[in-house]
Amino acid sequence: MSFIEFKNVSKIYKMGEVEIKALDNISFEIEKGEFVCVLGASGAGKTTILNILGGMDSATSGTIIVDDKDISGANDKELCEYRRYDIGFVFQFYNLVQNLTAKENVELATQIAEDPMSSREVLKTVGLYDRMNNFPSQLSGGEQQRVAIARAVAKNPKLLLCDEPTGALDYVTGKQVLKVLQDMCNNHGMTVVMITHNAALADMANKVIRVKSGTISDIKINEKPKNVEDIEY
Amino acid sequence: MFRKDTFRLIKKSLNRFFSLVSIVAIGVGFMMGMFSAPGLMRNSVDKYNIETNLHDIQLFSSYGFCDEDIDVIKEIDFIDGIFASKMQDVLVNVENEGERVIRLRELESDVNKLVLVEGRLPMKPDEAVYIAGEFSLFEIGEKVTIYLDDSDVSEVIKNTEFTIVGKVKSSEYMSLFLPTSLLKNLDLNYVLYIANSNFISDYYTTVYLSIENAQNYQTTTDEYFDYVAGKIEDLELITTKQQDYLKEKLLVDIENEIIEGEILLQEKKAEGEKELEEAKRQLEEVNLMLIIAQMEIDNNLLTLKTSEKKLLDNEKIVDNNLKQVNEAIREIEAEQNKSIDEIYSQTTTLYQTYKALERIGEIENETGDNLYAQIIEQNNNLRLIINENRVLKQEYEAQLAEVNDELAIETDPEIISNLNLQKTNLQTRIAVCQITIETCQNILDINQRIIDNIGDNPDSEISPTQLAMNEIDEMAGGSIETTYIQLTQLIQGKKDLEAAKQEIAEGKKQIEEGKERLDAAQKELDANKKEYQDGLQDYREGLIKFNTEIEKAENELKLARQQLRELPDASWMILDRDYHYTSIMFKNTVAQMQSIGSILPVLFYLVAALICMTTMTRLIDEQRGQIGIFRALGFSKGQIIAKYLIYAFLATVIGSIIGVLTGEILFPTIIYNTWRMMYDFPEFLISYPIRNVLVCFISFSGLMMIVSGIVVQKSLKEVPAQLMRPKAPKKAKKVFLERIRFFWNRLSFTSKITVRNIFRYKARFFMTVIGVAGCTSLLLLGFGIKDSISNIVNIQYKEFWDYNTIVNLENDHNIEEIISVLENDLDNEFIVPIMSYNGKIYNTSQETTIIVEVLDARSCSNIFNLYDIKTEEKLKLNNKGVIISEKFAKVNELKPGDYIIIESINGIKSEVQITYICKMYFQHYLYISDSLYQQLFDEVIHYNKLAITNSKGFENVQKSLKEVKNVASVTDFTSFVDQFNATIEALDIIIGAVVVTSGALAFVVLLNLTQVNISERTREIATLKVIGLRDYEIYSYLFKEILMLSAIGGLCGLPLGMIELRFVMSIIEIDMILFPTQIKPLSYLLAYAITFIFTFIVLLFTRKPLRKIEMVESLKSVE
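Protein chains in written order, with my numbering: chain A, 193 to 425; chain B, 4 to 1122.
Please keep in mind that the hints were generated in silico from the structure rather than gathered at the bench. Be careful, since some hints might not be right.
Claimed, not checked - Think about it this way: if two alpha-carbon atoms lie no more than 25 Å apart in a straight line, the pair counts; the simulated DSS-like pairs of lysine-lysine are:
{"#": "1", "chain 1": "A", "residue 1": "Lys316", "chain 2": "B", "residue 2": "Lys755"}
{"#": "2", "chain 1": "B", "residue 1": "Lys511", "chain 2": "B", "residue 2": "Lys532"}
{"#": "3", "chain 1": "B", "residue 1": "Lys497", "chain 2": "B", "residue 2": "Lys511"}
{"#": "4", "chain 1": "A", "residue 1": "Lys206", "chain 2": "B", "residue 2": "Lys512"}
{"#": "5", "chain 1": "B", "residue 1": "Lys1111", "chain 2": "A", "residue 2": "Lys213"}
{"#": "6", "chain 1": "B", "residue 1": "Lys955", "chain 2": "B", "residue 2": "Lys965"}
{"#": "7", "chain 1": "B", "residue 1": "Lys555", "chain 2": "B", "residue 2": "Lys526"}
{"#": "8", "chain 1": "B", "residue 1": "Lys1107", "chain 2": "A", "residue 2": "Lys206"}
{"#": "9", "chain 1": "B", "residue 1": "Lys1043", "chain 2": "A", "residue 2": "Lys206"}
{"#": "10", "chain 1": "B", "residue 1": "Lys1043", "chain 2": "A", "residue 2": "Lys269"}
{"#": "11", "chain 1": "A", "residue 1": "Lys269", "chain 2": "B", "residue 2": "Lys1111"}
{"#": "12", "chain 1": "A", "residue 1": "Lys367", "chain 2": "A", "residue 2": "Lys350"}
{"#": "13", "chain 1": "A", "residue 1": "Lys206", "chain 2": "B", "residue 2": "Lys14"}
{"#": "14", "chain 1": "B", "residue 1": "Lys511", "chain 2": "B", "residue 2": "Lys319"}
{"#": "15", "chain 1": "B", "residue 1": "Lys250", "chain 2": "B", "residue 2": "Lys561"}
{"#": "16", "chain 1": "B", "residue 1": "Lys116", "chain 2": "B", "residue 2": "Lys170"}
{"#": "17", "chain 1": "B", "residue 1": "Lys511", "chain 2": "B", "residue 2": "Lys498"}
{"#": "18", "chain 1": "B", "residue 1": "Lys116", "chain 2": "A", "residue 2": "Lys269"}
Claimed, not checked - One side of the interface only, derived from the structure: several residues of chain B facing chain A at Cβ under 8 Å:
{"#": "19", "residue": "Ile379"}
{"#": "20", "residue": "Ile756"}
{"#": "21", "residue": "Arg759"}
{"#": "22", "residue": "Asn760"}
{"#": "23", "residue": "Thr1026"}
{"#": "24", "residue": "Val1029"}
{"#": "25", "residue": "Gly1031"}
{"#": "26", "residue": "Lys1111"}
{"#": "27", "residue": "Ile1112"}
{"#": "28", "residue": "Met1114"}
{"#": "29", "residue": "Val1115"}
{"#": "30", "residue": "Glu1116"}
{"#": "31", "residue": "Leu1118"}
Beta carbons are placed, not taken as given, at the ideal position from N, Cα and C, and that holds for glycine.
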């Protein structure tokens, strides 16, 4: 049994008579500790997968099993618990609480987790120990994203989901952030699923899932994932 | 396309649009309603007054009015309608209620026409229709019997029993609190209308007039009163002379009556005296007779007593003699051992024998025979006599037997008496024979003894007869004659004595009888004497009674003469509607509503406006991006502004329409119907005064559009590109509170966020706080108004005026008597005489009339508690100056130390200084000590009322003064208090409506603010959801902030409310009433609590929208 299993999952939006199939009967598996890249063009359905995987949305049909737990039929409350304890999410636009300092943003997460890491430790991990008392408005984009990662990671989730984490960042900063993610995966054994439309980044992943028009077009396994510093794009 | 966008905008934010509309609706509705209410009320009543021809002027006179008076008034050209009424207040007994006072009025009248409400109008003189006062207990079909306490009601009203056939309303008695009655100073309970023919008194009680063209002016307005005042002046001038007419007439009539009375009195007096004299004379005669009778009886008694004494004396003598005689007889009997009768009979025989012998002796002496031969001869003679007598005796005895036989059978009384006579004769003869026989026999025996003796002595010289006689003397123990005479005397004596004794006994008996007769006579006499005494007593009583009555009648006549001299002034009281009970009450009511109606809506308006402003600001903020897009596309600024103006306009229009339609109906109707508790209002006429509608609409929409315009302008200042980018989030910085490490570390996470949020989004903070504060302040205002007003009565009638009973006096002639009667009842704690009058002040500009109360300075604090308006110390009345009440001072801008010119009760003016100004809520008062009054005016003070504190209530005082003269009335404050409380009750409901509306506004405000709050933070909330915060954690994250804002807003609202209250209370002015500003602690709590309750309710409603926030949607990237 894989760590994460998607089995015949479909997501259909009904607007009156129109039916939009965001996901059409997709299936894949992800092992524990893998760094997975989900590639695809805009509107392909990558975010939908992530949303369902992250418990923010529910599939119309199919089974989703995460760590031997079937979340496909979970209700709102159960999904909330799932998100709370098992998931760490990183958004493209950071979505930090502006009114809280970096440390406090992380503490938002640590306060509710069962077995969290120390917020300081985490911030140290992402290299922002000195900036922990700054507000997001005082941090650069990259720093903010790193805080977001710290927030996501501090919960000690089973799964770290990232939706285009470098989308709003420049090349150097982006690489920095990716490095953090890779370290989380390699050094802390976290399972990371990252959405990106930048194909070059696929090389850093263990597994690459290509999504096209709501279906899985390809699943590739990298024997030897590259280090982020070595990737040029 | 652009327009489509506008409408879509509305559709998308339907909640927001809707809350805008409702705020406008509430604001406009309330504004409209409250503005219009007074006018609508006045309109409805005005129309009713005109329809029913409510009188403009009412006339009263101490003497009433006569037909001549009415004729004069009729002539006046500006008098449109006139009705002279003989109204009469009477008593009825209502089942389970007791005695009630009702007014009887004429059914048919040109002025003050009636409107039938139920049943039908009377068709017969003994039918009636009624208007109810505060309590409506009559029913159609009920029979009512009227009466009066001190006179016969049928002298003034023809029928005394009426059947109620219907119920009516009258604009004259629109107020449900009827005025005081003319009878007993009690309030009227009902008014009954009966056929005019029932009123049979000679004079009219009052006259109602309606004036030409008065209906061109609206009731209770200044213009109306000015117009009427002018006409009253004219009326006064025209009727001056006529006003004295009736008094003159009555004066003459009364004078005549008095004179008649005096004459009658004299006649009666003379008559009475004559009768009494006669009675007296008769009594004296009787007395004399009684005296004489008594004297007679006394005399007779005396005579009787004297006789009795004599008799008793005789009796003593007789008894004594009898005793002696009996003793002598007993001696003799004892001597001879025989009964006296025997002895006497023997002695008698012997004596007779002696006497016979004596005779024989005499004969013998003539013959000279020898003794023996004499004796033998004598014996032979004797024997012959004896035989003769024996034969005779036998003959007589045989005849006697015959006669006895005949007697036995004879019946004829004459013959019987003859026979008896014969019998007696015979018996006598027989007796004589017997005696002769015995005598002879005795002599024979004696002779025999002599013979025997002679044997011894034959030649004795003594004749045998002498011998026999000597023998007999010997036998008698001396002398037979003496013995015989003695015995005879003795026996006769005894007989005589016994006879005498018998007589005495007779005499005694007679005396006894005489005594009895005298006793009886005395008893009769005593009875007669008693009768006489009774008669005398009656006479005396009669005399006293007569004298008393004469005196009483004389006094009454004297009093009547005096009263005649003191007859009141004849001038008519010409009163406009300011003296008409219902009109005054209504005028005040309308004024009240106007005051409230002019302030409250403005406050509402401000709050509503504020909220609208916030909403529009938020809306436009959110629309930044849109605006940027349209700008980028090339739309002009004007077009963009137009979009939002249309939005605002639409919201306002719809809200205004709803507000106007509902508000105009809802609030005035509530108010009108509330006041129905105090008035029997006519139908409510709803109208939509264009002016009000326009004012409300323009003010609201104007504000909205201006605000929207301003905010859009601000946005448009930025370049399109900037607009399209998300608004740069405000920089966050450390809040100063953070520096207080100790405090900061103790706060929970969410609390820290809350605090930061508050400080960060200052605009939002202030908006919310102000909005909430506004609503809380309105709530507090509502409660505060009620607190202030409702407590007035308690303070005024219990604190300031610490007495509970008022005795109004007609004059002070017997005031000491009254006071001493009152002092006897220990429950009367304080009794303070006061002279009270309406006085004019001559140097003030605004108010010039004041009620002056003159009393002893020392007793002032017994019944009044006067507090200084500034220091709140208790004030003392002294001789340095006067104390005046607050409102009077305020209106005339007077302060302690100022001088005012006051007048005495007789109109003498004098300047005096104001020492203090006291708190007073009702009317204008001036308190002056009696010594100061006398000092200033040098007048005698005639007290006309007594203020009394009776611990058991005024009824006891009323009872104890029931029979006392010169007491006009005894009342307490109950009727005032009841009336005021009823006004309060009505106000209560209206305040309730205000509170509810404030509450509604508060609710909508909070809802609105919360919605806006949330819509601004959708992204944030979505993020938190993603992070895994549970629902309730998200609630508390947000709600803490809202609650805190609400708490702060509420706290700010309280002092704000106090300020508003002060402002409003100074505006709510009613004639002569000063409302204090008072808020009970409970009200603060309530206002605050209600705000919180609403907050909670709003939060409850907000949970769903929160739950509904889609993470996926909300986190979609902006670009």
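request  = Enumerate the violated hints, using their earlier numbering and listing them in ascending order.
outcome  = Result: hints 2, 4, 7, 9, 18, 19, 26, 27 and 30 break, sorted rising.
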